[in-house]
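Listed here are the chains, written in short residue letters.
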Amino acid sequence: MTQLSSTEVENDAAETGPQSDERREAWAAQLAEALGDGFAEHHIIPGSDLWVRVNRESWTDAATAARDQLDCQFFDWLSAIDWLPSPYGRDMDAQEDNPEPKAADPMEQGHAGGETRFQMVMRLYSISEHMGITIKADLPDDDLSIDTLISAFPGANWHEREAWEMFGIHFNGHPDLRNIYLPGAFEGNPLRKDFPLLARRVKPWPGIVDVELFPGEEGP
Amino acid sequence: MTAVSADQRQQLAYVATQAADARLNVEIETEGMTLNIGPQHPATHGTLRLVARLDGEQVVEAEPIMGYMHRGYEKLAEVRTYPQVTTLINRIDWLGSFANEVPFILAAEKLMEVEAPPRAQWIRTVLFELSRIANITLFLGDMAVQLGALTPVFMAFRDREFVLNQIEAATGGRFHPNFDRIGGLKDDLPQGWIDDTKQAMEKMRDFCDEFEELVLGNEIFQARSRGIGIVPAEVGLAYGLSGANIRASGVDWDLRRDGHEALAYDQVDWKVWTHPDGDSFARYWVRLQETREATHIVDQLLDGLPSGPIMAKVPRIIKVPAGEAYAATENPLGEMGYYVVSKGDLVPFRVKIRSASFSNISITPWLLKGVYVPDIITILASLYFILGDIDR
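The listed protein sequences derive, respectively, from chains A and B. 7 is the number of the first residue of the first sequence in this note's numbering; add one for each residue after it. 2 is the number of the first residue of the second sequence in this note's numbering; add one for each residue after it.
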């Protein structure tokens, strides 16, 4: 809903109720019931979005349950997040050239929590409800593998190939784990945080943020 | 010519019958053939390579090979500040660039809990629709040229200029406007722009009418696209098909209407077009109707453009609070979304780009199975992808 004036903003807030979101609560409850122990945690931003974290073993079940019970027939996307703080500093735009790894910040996972460095993320969407859900699963460092979603959503095939080459996550039961973007001989997993972006290491970046502050303005 | 004796004639007749028997009794075997299409082929819009294993004229297995244009935007976005990222993502779908910027900006605005002022939202929507028209116009000409009709593509390039000129007049960039800002827009509209744009929309409606007759009414076009490449709705959804591709399979879903992003689509009166057939013809038909609908959306938005500021109050150095947000909009090619993870820095921690073409084209191994070779071109053309949108 586009907000045209300040009065309307207040009305909208009163209508949707900023503190609660019954539809998303109901979805989370339904998934929790379907998955039992496999359901770990959920997080809701009222009126905006729903995150659910499940155990690795319940990954495929969560997709099937969301598809069948929540009517999430649309497979949006699948990927992973590497929560390791970049060992090259928080900001590669930093003006000092610092190839030495810094002491890492503590690792902090996002919405719906988590314990491990790598997390799987998938997004499903319900055409009938016009609502989406983000499902996450933790992957232990010593065994970066998870079941494939191809049986539930054939569209997961290419997304899993991408996650495989970019993060090095193995998908059990995937028929065709091959490189999708990178050349076959490529070494490493580029989207991992400890994979350096060499272009930045060999040449200073010309787009360093360099804003002259107004008098009295606070810096970043 | 020498005369053939009776004996020789008898001998030849015998050989001929033997040969005919042999042909009947032996099962004819054709060796499978591998056909390589691309990476430099007009049907591939850039550098998609398609390897098809054929049995005779039929495709047994088709395998798209991507990556010739992979630029690693998800990695690059992790070392750029939020305003710098829009420069990159302009180049994902290069025909509808402005539309690429909007979902990223919306995701960042969600995290910052900022909302653009109404005027900015309306102008955003206008420019969004203009880039849709510019993008799909080219598709309308391009699919026709791939089916052997040469003229439409020239008309498409010619008439697309009307729209590109308006985009350029407002933003300064024909293809890469880089105009959207967190909290609003870079500039207001120039003087006289609204009238010029309305005239351009008038011309685009003429263009659509002309194409409806010229292409959709063409018997050859119909013969080559009707019933070709049928996508059932539930298969399309499971593969993540979005946009006009899924609406051509009868799914009434459009993120402009059904999404909850801060754009002005709910302020105007318009219609979502669907087609029940799900074939290549339907996909062309839906896109043509959408282009015409988009001109009406632009006209209405320009009529009701609210006045006011075009930037919300945001700090000059943008630090986005920690959190995660996903914002998706209905781009010319389908659903495009950005999943942005922020740790409260100047740069995003992780950006997952959900591009429409990647999912749209992931159905091709399924869809191309069993089709005839010329239909490969029809199907690829009708699914409509931009390579930059697949490879990112």
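These are computed hints drawn from the structure, not numbers from a lab. Hints may contain errors.
[Unchecked claim] In silico EDC-like pairs for lysine to aspartate or glutamate, Cα to Cα no more than 20 Å straight-line: (1) B:K314 x B:E294; (2) B:K370 x A:D182; (3) B:K76 x A:D67; (4) B:K204 x B:D278; (5) B:K320 x B:D300; (6) B:K353 x A:D144; (7) B:K272 x B:E169; (8) B:K344 x A:D144; (9) B:K370 x B:D278; (10) B:K76 x B:D56; (11) B:K320 x A:E114; (12) B:K344 x A:E193; (13) B:K204 x B:D346; (14) B:K199 x B:D300; (15) A:K199 x B:D346; (16) B:K353 x A:E31; (17) B:K199 x B:D210; (18) B:K199 x B:E214; (19) B:K199 x B:E220; (20) B:K76 x A:E193; (21) B:K353 x A:D200; (22) B:K344 x A:D67; (23) B:K344 x A:E121.
Here's how the hints hold up against the structure:
1. B:K314 x B:E294: 34 Å, violated
2. B:K370 x A:D182: 17 Å, holds
3. B:K76 x A:D67: 31 Å, violated
4. B:K204 x B:D278: It is violated: about 29 Å lies between the C-alpha atoms, which goes past 20 Å.
5. B:K320 x B:D300: 36 Å, violated
6. B:K353 x A:D144: With a Cα-Cα distance of about 18 Å, the restraint between K353 of chain B and D144 of chain A holds, given a limit of 20 Å.
7. B:K272 x B:E169: 28 Å, violated
8. B:K344 x A:D144: 19 Å, holds
9. B:K370 x B:D278: Between K370 of chain B and D278 of chain B the Cα gap is close to 19 Å, so the pair holds against 20 Å.
10. B:K76 x B:D56: 41 Å, violated
11. B:K320 x A:E114: Measuring from Cα to Cα gives roughly 18 Å; hence the hint holds.
12. B:K344 x A:E193: Violated, at roughly 28 Å.
13. B:K204 x B:D346: At roughly 46 Å apart (the allowed maximum being 20 Å), D346 of chain B and K204 of chain B break the hint.
14. B:K199 x B:D300: Roughly 6 Å separates the two Cα atoms, so the pair holds.
15. A:K199 x B:D346: 16 Å, holds
16. B:K353 x A:E31: 26 Å, violated
17. B:K199 x B:D210: Answer holds: K199 of chain B to D210 of chain B is near 17 Å, not above 20 Å.
18. B:K199 x B:E214: 23 Å, violated
19. B:K199 x B:E220: With Cα atoms ~33 Å apart, K199 of chain B and E220 of chain B exceed 20 Å; violated.
20. B:K76 x A:E193: 16 Å, holds
21. B:K353 x A:D200: The hint holds at about 18 Å.
22. B:K344 x A:D67: 31 Å, violated
23. B:K344 x A:E121: 17 Å, holds
Of the hints listed earlier, those the structure fails to meet are numbers 1, 3, 4, 5, 7, 10, 12, 13, 16, 18, 19, 22, in rising order.
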